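K.L.:
Numbering that gives the first Met the number 0 puts the sequence shown at residues 0 to 385.
It is possible that part of the hints are untrue.
[As the list claims (entries may be wrong)] Straight-line alpha carbon distances no greater than 30 Å define the calculated BS3-like cross-link-like pairs of lysine-lysine that follow:
id : residue 1 : residue 2
1  : Lys239    : Lys308
2  : Lys142    : Lys91
3  : Lys115    : Lys75
4  : Lys142    : Lys75
5  : Lys316    : Lys272
6  : Lys322    : Lys271
No lab work stands behind these hints: they were computed from the structure.
Just so we're clear, the structure is a prediction, and the values are computed from it rather than from any experiment.
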Amino acid sequence: MSTANYTGKEAAYIKSELLRAYLEPLFMIVGQRELRIGYIDCSPGPWQKGGQDSGDASVAVSLGVMAKCHNDLLEKFRRDVQFRGLFIERNKESFDRLESFLQSESYDGVKAQCLKGDFCDLGNDILSWCGDRDFCFFFIDAKEWRHIAIPTLEPLLARPSSEFLINFMFDSIVPAHAQTGFEEQMEAIFGEAPDTSHIGPEERERFLFNLYCRQLKAFAPIIGEAIPRCAHMRVMHPTKGRTVYDLVYLTWDPLGLVTFMEASEQLELEQKKVRALARQSKKVKRSRQLEIFSADKFVGDEPAVDSTKVKEYWLAKLSRAPKRFGVTEFADMLEETGWFMEDFQRAFQELEREGKVKNLASTGMRTENPVRYWANGNRGEVLEKV
(Lines of atoms letter the chains of each structure in order from A and count residues from 1; the text may use other names and numbers.)
(Lines give C-alpha, C1' and ligand atoms only; values in the text may rest on other atoms or scores of the structure.)
Protein backbone atom coordinates (compact mmCIF):
# COMPACT_ATOMS: atom_id res chain seq x y z
CA MET A 1 0.00 0.00 0.00
CA SER A 2 1.23 3.50 -0.67
CA THR A 3 1.00 6.50 1.62
CA ALA A 4 -2.20 7.44 -0.20
CA ASN A 5 -4.17 4.41 0.94
CA TYR A 6 -2.70 3.18 4.23
CA THR A 7 -5.49 4.70 6.36
CA GLY A 8 -6.50 2.16 8.97
CA LYS A 9 -3.40 0.06 8.27
CA GLU A 10 -0.70 2.44 9.43
CA ALA A 11 1.23 -0.10 11.51
CA ALA A 12 1.26 -2.63 8.65
CA TYR A 13 2.53 0.10 6.32
CA ILE A 14 5.48 0.93 8.59
CA LYS A 15 6.30 -2.77 9.01
CA SER A 16 6.29 -3.26 5.24
CA GLU A 17 8.45 -0.18 4.67
CA LEU A 18 11.02 -1.31 7.24
CA LEU A 19 11.34 -4.64 5.46
CA ARG A 20 11.86 -2.81 2.18
CA ALA A 21 14.29 -0.26 3.65
CA TYR A 22 16.48 -2.89 5.30
CA LEU A 23 16.55 -5.70 2.75
CA GLU A 24 18.08 -3.64 -0.04
CA PRO A 25 21.23 -2.46 1.80
CA LEU A 26 21.57 -5.88 3.43
CA PHE A 27 21.47 -7.75 0.12
CA MET A 28 23.82 -5.24 -1.52
CA ILE A 29 26.36 -5.76 1.29
CA VAL A 30 26.04 -9.56 1.38
CA GLY A 31 25.99 -9.80 -2.41
CA GLN A 32 29.52 -8.44 -2.59
CA ARG A 33 30.81 -11.57 -0.85
CA GLU A 34 28.17 -14.23 -1.60
CA LEU A 35 26.90 -15.52 -4.96
CA ARG A 36 23.69 -17.11 -3.60
CA ILE A 37 21.25 -15.49 -1.19
CA GLY A 38 18.09 -17.03 0.23
CA TYR A 39 15.02 -15.24 1.60
CA ILE A 40 12.48 -17.18 3.64
CA ASP A 41 9.11 -15.65 4.49
CA CYS A 42 7.80 -17.96 7.18
CA SER A 43 4.25 -16.59 7.26
CA PRO A 44 3.34 -14.17 4.45
CA GLY A 45 -0.31 -14.32 5.47
CA PRO A 46 -3.40 -14.04 3.25
CA TRP A 47 -2.08 -12.80 -0.06
CA GLN A 48 -3.95 -12.10 -3.26
CA LYS A 49 -2.59 -11.14 -6.64
CA GLY A 50 -4.12 -7.89 -7.75
CA GLY A 51 -5.53 -7.19 -4.31
CA GLN A 52 -5.47 -3.66 -3.00
CA ASP A 53 -2.36 -4.21 -0.96
CA SER A 54 -0.56 -6.85 -3.05
CA GLY A 55 2.16 -4.44 -4.13
CA ASP A 56 3.23 -3.92 -0.54
CA ALA A 57 2.66 -7.41 0.86
CA SER A 58 5.89 -8.96 2.11
CA VAL A 59 5.90 -11.31 -0.90
CA ALA A 60 5.89 -8.51 -3.46
CA VAL A 61 8.26 -6.33 -1.42
CA SER A 62 10.88 -9.05 -1.06
CA LEU A 63 10.70 -10.23 -4.68
CA GLY A 64 11.01 -6.66 -5.92
CA VAL A 65 14.01 -5.96 -3.68
CA MET A 66 15.75 -9.19 -4.69
CA ALA A 67 15.32 -8.44 -8.41
CA LYS A 68 16.58 -4.88 -7.96
CA CYS A 69 19.62 -6.03 -5.99
CA HIS A 70 20.42 -8.72 -8.56
CA ASN A 71 20.48 -6.09 -11.32
CA ASP A 72 22.38 -3.52 -9.22
CA LEU A 73 25.04 -6.03 -8.16
CA LEU A 74 25.50 -7.10 -11.76
CA GLU A 75 25.77 -3.52 -13.00
CA LYS A 76 27.92 -2.03 -10.21
CA PHE A 77 30.12 -4.97 -9.21
CA ARG A 78 29.72 -7.43 -12.10
CA ARG A 79 28.52 -10.06 -9.66
CA ASP A 80 25.81 -12.40 -10.91
CA VAL A 81 24.22 -13.11 -7.53
CA GLN A 82 21.39 -15.62 -7.64
CA PHE A 83 18.50 -15.00 -5.27
CA ARG A 84 16.05 -17.61 -4.03
CA GLY A 85 12.77 -16.98 -2.25
CA LEU A 86 10.73 -19.43 -0.18
CA PHE A 87 7.25 -18.50 1.03
CA ILE A 88 5.34 -20.55 3.62
CA GLU A 89 1.53 -20.42 3.52
CA ARG A 90 -0.83 -22.63 5.51
CA ASN A 91 -4.18 -21.36 4.18
CA LYS A 92 -5.14 -23.46 1.14
CA GLU A 93 -6.91 -20.69 -0.75
CA SER A 94 -4.10 -18.21 -0.17
CA PHE A 95 -1.50 -20.85 -1.02
CA ASP A 96 -3.17 -21.62 -4.35
CA ARG A 97 -3.25 -17.93 -5.27
CA LEU A 98 0.34 -17.44 -4.18
CA GLU A 99 1.57 -20.51 -6.05
CA SER A 100 -0.23 -19.37 -9.19
CA PHE A 101 1.34 -15.93 -8.90
CA LEU A 102 4.87 -17.27 -8.42
CA GLN A 103 4.47 -19.55 -11.43
CA SER A 104 3.14 -16.79 -13.68
CA GLU A 105 5.45 -13.91 -12.70
CA SER A 106 9.21 -13.65 -13.15
CA TYR A 107 11.80 -11.49 -11.40
CA ASP A 108 15.33 -11.00 -12.70
CA GLY A 109 17.78 -13.33 -11.00
CA VAL A 110 15.19 -14.69 -8.56
CA LYS A 111 13.85 -18.23 -8.20
CA ALA A 112 10.78 -18.36 -5.98
CA GLN A 113 8.65 -21.18 -4.65
CA CYS A 114 6.19 -21.79 -1.83
CA LEU A 115 5.48 -24.54 0.67
CA LYS A 116 2.05 -25.34 2.07
CA GLY A 117 1.74 -25.70 5.82
CA ASP A 118 2.54 -24.02 9.12
CA PHE A 119 6.20 -23.12 9.31
CA CYS A 120 6.32 -24.55 12.85
CA ASP A 121 5.85 -27.98 11.26
CA LEU A 122 8.16 -27.44 8.27
CA GLY A 123 11.50 -26.87 9.98
CA ASN A 124 13.28 -29.78 8.28
CA ASP A 125 11.90 -28.84 4.85
CA ILE A 126 13.00 -25.22 5.31
CA LEU A 127 16.51 -26.21 6.40
CA SER A 128 16.78 -28.63 3.48
CA TRP A 129 15.81 -25.83 1.08
CA CYS A 130 18.34 -23.46 2.67
CA GLY A 131 21.27 -25.86 2.48
CA ASP A 132 24.36 -25.42 4.62
CA ARG A 133 26.30 -22.68 2.85
CA ASP A 134 24.04 -19.97 1.39
CA PHE A 135 23.34 -16.78 3.32
CA CYS A 136 19.65 -16.85 4.30
CA PHE A 137 17.39 -14.16 5.71
CA PHE A 138 14.33 -15.30 7.66
CA PHE A 139 11.31 -13.01 7.97
CA ILE A 140 8.93 -14.32 10.62
CA ASP A 141 5.75 -12.26 10.66
CA ALA A 142 4.19 -14.28 13.45
CA LYS A 143 0.48 -14.98 13.59
CA GLU A 144 0.52 -16.82 16.91
CA TRP A 145 2.81 -17.34 19.88
CA ARG A 146 4.24 -20.64 18.57
CA HIS A 147 5.85 -18.79 15.67
CA ILE A 148 8.22 -16.89 17.96
CA ALA A 149 8.71 -19.61 20.60
CA ILE A 150 12.33 -20.65 21.07
CA PRO A 151 11.68 -24.41 20.53
CA THR A 152 10.26 -23.52 17.10
CA LEU A 153 13.17 -21.25 16.17
CA GLU A 154 16.01 -23.25 17.74
CA PRO A 155 16.84 -25.38 14.64
CA LEU A 156 16.90 -22.24 12.48
CA LEU A 157 18.98 -20.29 15.00
CA ALA A 158 21.62 -23.02 14.92
CA ARG A 159 22.08 -22.62 11.16
CA PRO A 160 25.20 -20.61 10.22
CA SER A 161 25.12 -17.66 7.81
CA SER A 162 21.60 -16.55 8.74
CA GLU A 163 19.78 -13.43 9.89
CA PHE A 164 16.28 -13.01 11.32
CA LEU A 165 13.59 -10.35 11.43
CA ILE A 166 10.83 -11.43 13.81
CA ASN A 167 7.50 -9.76 14.42
CA PHE A 168 7.25 -9.85 18.21
CA MET A 169 3.45 -9.30 18.25
CA PHE A 170 3.76 -7.31 21.46
CA ASP A 171 0.15 -6.17 21.47
CA SER A 172 -1.06 -9.78 21.55
CA ILE A 173 1.56 -11.33 23.81
CA VAL A 174 1.74 -8.83 26.67
CA PRO A 175 -1.94 -9.11 27.69
CA ALA A 176 -1.58 -12.88 27.73
CA HIS A 177 1.68 -13.15 29.63
CA ALA A 178 0.19 -11.99 32.93
CA GLN A 179 -2.80 -14.33 32.79
CA THR A 180 -2.88 -17.69 34.53
CA GLY A 181 -2.87 -20.69 32.24
CA PHE A 182 -0.30 -19.16 29.87
CA GLU A 183 2.81 -20.13 31.85
CA GLU A 184 3.87 -22.86 29.41
CA GLN A 185 3.58 -20.53 26.41
CA MET A 186 5.50 -17.76 28.17
CA GLU A 187 8.28 -20.14 29.16
CA ALA A 188 8.57 -21.21 25.51
CA ILE A 189 9.00 -17.56 24.49
CA PHE A 190 10.90 -15.97 27.37
CA GLY A 191 12.48 -18.97 29.08
CA GLU A 192 10.37 -18.23 32.16
CA ALA A 193 6.92 -16.98 33.11
CA PRO A 194 7.90 -13.43 34.12
CA ASP A 195 6.06 -11.51 36.81
CA THR A 196 5.82 -7.88 35.67
CA SER A 197 2.89 -6.81 37.82
CA HIS A 198 5.12 -4.41 39.74
CA ILE A 199 6.36 -2.34 36.77
CA GLY A 200 4.68 0.10 34.38
CA PRO A 201 3.83 -0.49 30.70
CA GLU A 202 6.95 1.16 29.23
CA GLU A 203 9.32 -0.64 31.59
CA ARG A 204 7.43 -3.91 31.10
CA GLU A 205 7.79 -3.72 27.34
CA ARG A 206 11.54 -3.10 27.52
CA PHE A 207 11.95 -5.82 30.15
CA LEU A 208 10.13 -8.43 28.05
CA PHE A 209 11.98 -7.42 24.89
CA ASN A 210 15.33 -7.81 26.66
CA LEU A 211 14.21 -11.15 28.07
CA TYR A 212 13.24 -12.41 24.62
CA CYS A 213 16.48 -11.22 23.04
CA ARG A 214 18.44 -12.91 25.80
CA GLN A 215 16.70 -16.18 24.94
CA LEU A 216 17.31 -15.75 21.22
CA LYS A 217 21.00 -15.10 21.76
CA ALA A 218 21.31 -17.97 24.24
CA PHE A 219 20.26 -20.42 21.53
CA ALA A 220 22.17 -18.70 18.73
CA PRO A 221 25.73 -20.04 18.54
CA ILE A 222 28.88 -17.93 18.67
CA ILE A 223 30.47 -18.32 15.23
CA GLY A 224 34.21 -17.80 15.49
CA GLU A 225 34.56 -14.31 16.93
CA ALA A 226 31.05 -13.30 15.82
CA ILE A 227 28.51 -13.03 18.62
CA PRO A 228 24.72 -12.87 18.15
CA ARG A 229 23.26 -9.37 18.42
CA CYS A 230 19.70 -8.08 18.73
CA ALA A 231 17.99 -4.81 17.87
CA HIS A 232 14.39 -3.79 17.37
CA MET A 233 12.00 -1.20 16.07
CA ARG A 234 8.72 -0.37 17.76
CA VAL A 235 5.72 0.06 15.48
CA MET A 236 3.14 2.09 17.33
CA HIS A 237 -0.65 2.19 17.13
CA PRO A 238 -1.52 5.20 14.95
CA THR A 239 -3.67 6.97 17.54
CA LYS A 240 -2.99 5.20 20.85
CA GLY A 241 0.23 5.33 22.83
CA ARG A 242 0.94 1.61 22.73
CA THR A 243 3.07 -0.74 20.67
CA VAL A 244 1.48 -2.90 17.99
CA TYR A 245 4.63 -4.67 16.79
CA ASP A 246 8.17 -5.06 18.05
CA LEU A 247 10.22 -6.03 15.02
CA VAL A 248 13.16 -7.94 16.49
CA TYR A 249 16.32 -8.30 14.43
CA LEU A 250 18.98 -10.95 15.08
CA THR A 251 22.37 -10.91 13.38
CA TRP A 252 25.98 -11.94 13.92
CA ASP A 253 27.31 -8.96 11.95
CA PRO A 254 27.85 -5.59 13.71
CA LEU A 255 27.50 -3.82 10.35
CA GLY A 256 24.15 -5.56 9.89
CA LEU A 257 22.93 -4.21 13.22
CA VAL A 258 24.10 -0.68 12.41
CA THR A 259 22.41 -0.88 8.99
CA PHE A 260 19.16 -2.10 10.55
CA MET A 261 19.14 0.74 13.07
CA GLU A 262 19.84 3.28 10.33
CA ALA A 263 16.87 1.94 8.34
CA SER A 264 14.74 2.01 11.50
CA GLU A 265 15.76 5.61 12.14
CA GLN A 266 14.63 6.65 8.66
CA LEU A 267 11.29 4.91 9.19
CA GLU A 268 10.86 6.44 12.66
CA LEU A 269 10.33 9.88 11.12
CA GLU A 270 7.87 8.40 8.62
CA GLN A 271 6.05 6.67 11.48
CA LYS A 272 5.77 9.95 13.36
CA LYS A 273 4.23 11.59 10.27
CA VAL A 274 1.79 8.71 9.84
CA ARG A 275 0.76 8.88 13.49
CA ALA A 276 0.34 12.66 13.36
CA LEU A 277 -1.88 12.33 10.28
CA ALA A 278 -3.96 9.57 11.91
CA ARG A 279 -4.50 11.65 15.05
CA GLN A 280 -5.44 14.66 12.98
CA SER A 281 -7.91 12.63 10.89
CA LYS A 282 -9.50 11.26 14.05
CA LYS A 283 -9.83 14.77 15.47
CA VAL A 284 -11.42 16.05 12.25
CA LYS A 285 -13.96 13.22 12.24
CA ARG A 286 -14.83 13.91 15.86
CA SER A 287 -15.11 17.70 15.56
CA ARG A 288 -16.21 17.84 11.90
CA GLN A 289 -13.90 20.82 11.48
CA LEU A 290 -10.88 20.95 9.19
CA GLU A 291 -7.47 21.59 10.74
CA ILE A 292 -5.61 24.77 9.82
CA PHE A 293 -2.15 23.22 10.08
CA SER A 294 -0.67 20.22 8.28
CA ALA A 295 -0.18 17.06 10.35
CA ASP A 296 3.57 17.43 9.75
CA LYS A 297 3.52 20.41 12.12
CA PHE A 298 2.78 18.06 15.02
CA VAL A 299 5.53 15.49 14.36
CA GLY A 300 7.68 17.22 16.98
CA ASP A 301 5.05 16.41 19.61
CA GLU A 302 6.31 12.80 19.68
CA PRO A 303 8.58 12.03 22.67
CA ALA A 304 12.32 12.07 21.95
CA VAL A 305 15.37 10.62 23.68
CA ASP A 306 16.68 12.82 26.49
CA SER A 307 19.98 14.22 25.17
CA THR A 308 21.26 14.57 28.74
CA LYS A 309 21.11 10.80 29.18
CA VAL A 310 22.90 10.23 25.88
CA LYS A 311 25.65 12.66 26.85
CA GLU A 312 26.07 10.95 30.21
CA TYR A 313 26.32 7.63 28.39
CA TRP A 314 29.03 9.01 26.09
CA LEU A 315 31.04 10.34 29.02
CA ALA A 316 30.85 6.95 30.72
CA LYS A 317 32.14 5.27 27.56
CA LEU A 318 35.00 7.69 26.96
CA SER A 319 38.15 8.29 28.98
CA ARG A 320 41.28 10.40 28.75
CA ALA A 321 42.94 7.46 27.05
CA PRO A 322 42.13 7.69 23.31
CA LYS A 323 39.78 4.97 22.07
CA ARG A 324 38.64 4.06 18.58
CA PHE A 325 34.89 4.01 17.86
CA GLY A 326 33.90 2.20 14.69
CA VAL A 327 31.06 0.00 13.48
CA THR A 328 31.58 -2.66 16.16
CA GLU A 329 31.62 -0.13 19.02
CA PHE A 330 28.54 1.65 17.71
CA ALA A 331 26.76 -1.69 17.25
CA ASP A 332 27.43 -2.38 20.94
CA MET A 333 26.03 1.03 21.90
CA LEU A 334 22.95 0.75 19.68
CA GLU A 335 22.16 -2.71 21.01
CA GLU A 336 22.71 -1.74 24.63
CA THR A 337 20.51 1.37 24.58
CA GLY A 338 18.05 1.07 21.68
CA TRP A 339 18.81 4.68 20.73
CA PHE A 340 19.39 5.80 17.16
CA MET A 341 22.63 6.84 15.51
CA GLU A 342 21.50 10.46 15.29
CA ASP A 343 21.00 10.51 19.07
CA PHE A 344 24.66 9.59 19.56
CA GLN A 345 25.93 11.97 16.89
CA ARG A 346 23.94 14.91 18.24
CA ALA A 347 25.00 14.24 21.84
CA PHE A 348 28.68 13.96 20.89
CA GLN A 349 28.43 17.22 18.96
CA GLU A 350 26.98 18.96 22.03
CA LEU A 351 29.73 17.55 24.25
CA GLU A 352 32.34 18.70 21.75
CA ARG A 353 30.94 22.23 21.82
CA GLU A 354 31.03 22.12 25.61
CA GLY A 355 34.72 21.19 25.44
CA LYS A 356 34.20 17.83 27.17
CA VAL A 357 35.17 15.45 24.33
CA LYS A 358 37.35 15.49 21.25
CA ASN A 359 37.60 13.61 17.96
CA LEU A 360 41.33 13.27 17.29
CA ALA A 361 40.68 12.57 13.59
CA SER A 362 38.93 15.91 13.04
CA THR A 363 40.72 19.24 12.60
CA GLY A 364 37.59 21.15 13.59
CA MET A 365 33.99 20.67 14.68
CA ARG A 366 31.96 18.98 11.97
CA THR A 367 28.43 20.17 11.35
CA GLU A 368 27.31 16.63 10.41
CA ASN A 369 28.44 13.21 11.57
CA PRO A 370 31.01 14.33 14.14
CA VAL A 371 32.02 10.67 14.48
CA ARG A 372 32.55 8.84 11.20
CA TYR A 373 32.18 5.27 12.39
CA TRP A 374 32.56 3.95 8.84
CA ALA A 375 36.00 5.54 8.37
CA ASN A 376 39.18 3.47 8.08
CA GLY A 377 37.40 0.39 6.79
CA ASN A 378 34.65 0.56 9.45
CA ARG A 379 37.25 0.83 12.22
CA GLY A 380 36.06 4.38 12.87
CA GLU A 381 37.85 7.28 14.53
CA VAL A 382 39.75 7.88 17.77
CA LEU A 383 37.88 9.79 20.49
CA GLU A 384 38.81 10.95 23.96
CA LYS A 385 37.38 12.73 26.99
CA VAL A 386 38.97 16.13 27.60
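K.L.:
Check the structure against each numbered hint from earlier and tell me which ones fail, lowest number first.
P.N.:
Hint check: 3, 4, 5 and 6 fail, others pass.
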